[in-house]
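Starting from the known structure of chain C, fit chain E onto it as the hints suggest.
So the sequence lines, in the order shown, correspond to chains C and E. In short: position in the first sequence from 1, add 12, done, that's the numbering used here. In short: position in the second sequence from 1, add 1282, done, that's the numbering used here.
Calculated from the structure, these hints are not laboratory results. Mixed in with the good hints, there may be bad ones.
Label-pair distances were calculated between CB atoms; the ranges are [claimed, not checked]:
1) E:1407 with C:17: 35 to 45 Å
2) C:116 with E:1509: 51 to 61 Å
3) E:1299 with C:150: 43 to 53 Å
4) E:1513 with C:332: 55 to 65 Å
5) C:332 with E:1299: 47 to 57 Å
6) E:1299 with C:293: 57 to 67 Å
7) C:21 with E:1311: 43 to 53 Å
8) E:1420 with C:31: 55 to 65 Å
9) C:23 with E:1298: 52 to 62 Å
10) C:38 with E:1397: 27 to 37 Å
11) E:1476 with C:17: 39 to 49 Å
Predicted model, so just to flag it, every value in this text is computed and none were measured. Note that the Cβ used here is the ideal one computed from N, Cα and C, for glycine as well.
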Amino acid sequence: MQTPAHAGRLITPAMVGVALVLLTVPLWIAKVGLYQYIGVEILIWAIYALGFNLLLGTAGLPSFGHGAFFGIGAYAFGLTQFHVAANLWVCLLGGILAASLAGALVAGFVARRRGIYFAFLTIAFGQVFWFIAMKARNVTGGEDGLLPIARLPADFGIVSFDLTGNTALYFFVLALFLATVVALWRLTYSPFGRVLSAIRQSELRAAHLGYQVVLFKMLAFIVSAAFAGLAGSLFAMAQGGAFPEVMALHYSGYIVMMVLVGGGLVSFWGPVIGVVVFLLARDLLGAVTLTWMLWFGLLFVAVILFKPEGIAGVFQDLRRRFSRQPAAPAQPAARSTS
Amino acid sequence: MSALEARQVHVRFGDRVVLEEMNFSVAPGELHGIMGPNGAGKTTFFNVLTGRVRPSRGQVLVDGKDVTGLPPHRIAALGVARSFQIMTLFDEFSALENVALARPAFRAQALHGHRAAIGDPEADAAARLVLDEVGLGSKADVLARDLSYGERRALEIAVALAQEPRVLCLDEPTSGLGSDGIARIAEMVRRLKGRLAIVAIEHDMEFLFGLADRISVVHWGQVIAHGRPDELKANPWVRRSNLGRFG
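With the rest of the complex left out, here is chain C (with noise of 0.2 Å):
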């Protein structure tokens, strides 16, 4: 990933445009024949896919066992609400402590590894969380789940929100999507985040330049299992209970789909784009056949094989194309502007 135009900025025009068309999204989402939930789910998810790619995309780690953290941040979410405070920010916290304190442990044994077994381990250590989760039916309920998690009102002293309708919840997951996409492009271009991807494109290089390199995986794979938390918190209170199944492989799976499809390799935009296209496909083409899937696991290769940048890769492509001057002297694109 190349550093954008506007990377030193805490707010870029980029995300000054998205906030005004997701705000908006309310008002038509109903008359393009979709539904306010769809919504939602897609702001959690893209919170999710963001965290993740700071792992993947950043700093080029290949986990497969995230949806162990989505799944706890939304078990603590419940178990907080049931048995500490039914009170929404200490539920979140609750969410988010947990997944970090997961992904401490586990980035504990993982962080000294690389590709292959690197992802290796952490589907590993998914399968243990997952399977505690099916298992452990005094504490999660099992296959049957964590229920019934309430919708919490979104309280601040003065004012109460309540957030048990999907328009109202669509616009506190907006506040929150919007707050975690100015920290974690603050965090990718901080020295922290350039650091992450120097050691990305040669861990040798910046061991020798000084950088503890074991020190800063950690951190990054923690970080990154905090958002996965927030976004578990979330959607436990918007599915209004907490499943083992966002746990399960395939479900780990997806979240390195969407964020390979949509360009998280070489956009802080790709994770958000991919998650937009699977989940819309999912129900689009849904609802015109069971085997959905197929076709999205059919672009899936594609991508792979044709355009490994993904669709973030097409639309930089597509911007170099008109933005060329046909008058000026050909100069190497020294940085793109994505």
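Then chain E, alone, in the frame of chain C:
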């Protein structure tokens, strides 16, 4: 006191002895060349000096302090920088970003996640200065992967230089270059000479004999000859290796 010293360093991988017994030292401001045939263990020796390989026996000292077995990032933090024979750059970063990331000031704030890494004019100026030094001043914004081979060789050194090291280890800095490129790198190293301790592995005899204060000839995992360039010219092994063409 030596800036960097190796005492009786022995390295074996399994049952294969790569370094038998390496004794070596470089003083502050000195340029110490290392030459020898392929497979003599020169790069392995560099890996020991910079912490990538832990020696089976022996000691490595930086400014008299024992650093044997410390990991690369700790040795780098002590002021020992290295370049790589096989180019090891951050290809998706611009030349400026490559250099900026290597600076100790950047490293000191590397865990900062709350502020932007870009747009600090002071840091930018410092990084540009390093690029100027290796003649890449006009290429600051070009991605490392888009630079020419010769420019990448220069950037390889610039990144190590940006670490503001006290000891600079150069692993075949002219590898793959033509005579013009070699001359440019030689000129660059000549300007650096005296400012810091430099250890250079090099195959190009003219380069080495023109620049080095002392040279160690490495063969079979040990130093088989050692001395000033003029002393070494009389050495039979050195003579056999075609030095006559340049000397």
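Cross-check of the supplied hints:
1. E:1407 with C:17: 35 to 45 Å: Given range 35 to 45 Å: violated, Cβ gap about 21 Å.
2. C:116 with E:1509: 51 to 61 Å: holds (55 Å)
3. E:1299 with C:150: 43 to 53 Å: violated (60 Å)
4. E:1513 with C:332: 55 to 65 Å: holds (58 Å)
5. C:332 with E:1299: 47 to 57 Å: holds (54 Å)
6. E:1299 with C:293: 57 to 67 Å: Between residue 1299 of chain E and residue 293 of chain C, where Cβ atoms are some 59 Å apart, the hint holds.
7. C:21 with E:1311: 43 to 53 Å: holds (44 Å)
8. E:1420 with C:31: 55 to 65 Å: For residue 31 of chain C against residue 1420 of chain E, whose Cβ atoms are near 39 Å apart, the range 55 to 65 Å is violated.
9. C:23 with E:1298: 52 to 62 Å: holds (57 Å)
10. C:38 with E:1397: 27 to 37 Å: Since residue 38 of chain C and residue 1397 of chain E have Cβ atoms about 35 Å apart, the given range 27 to 37 Å holds.
11. E:1476 with C:17: 39 to 49 Å: holds (42 Å)
Hint violations for this structure: numbers 1, 3, 8, all remaining hints satisfied.
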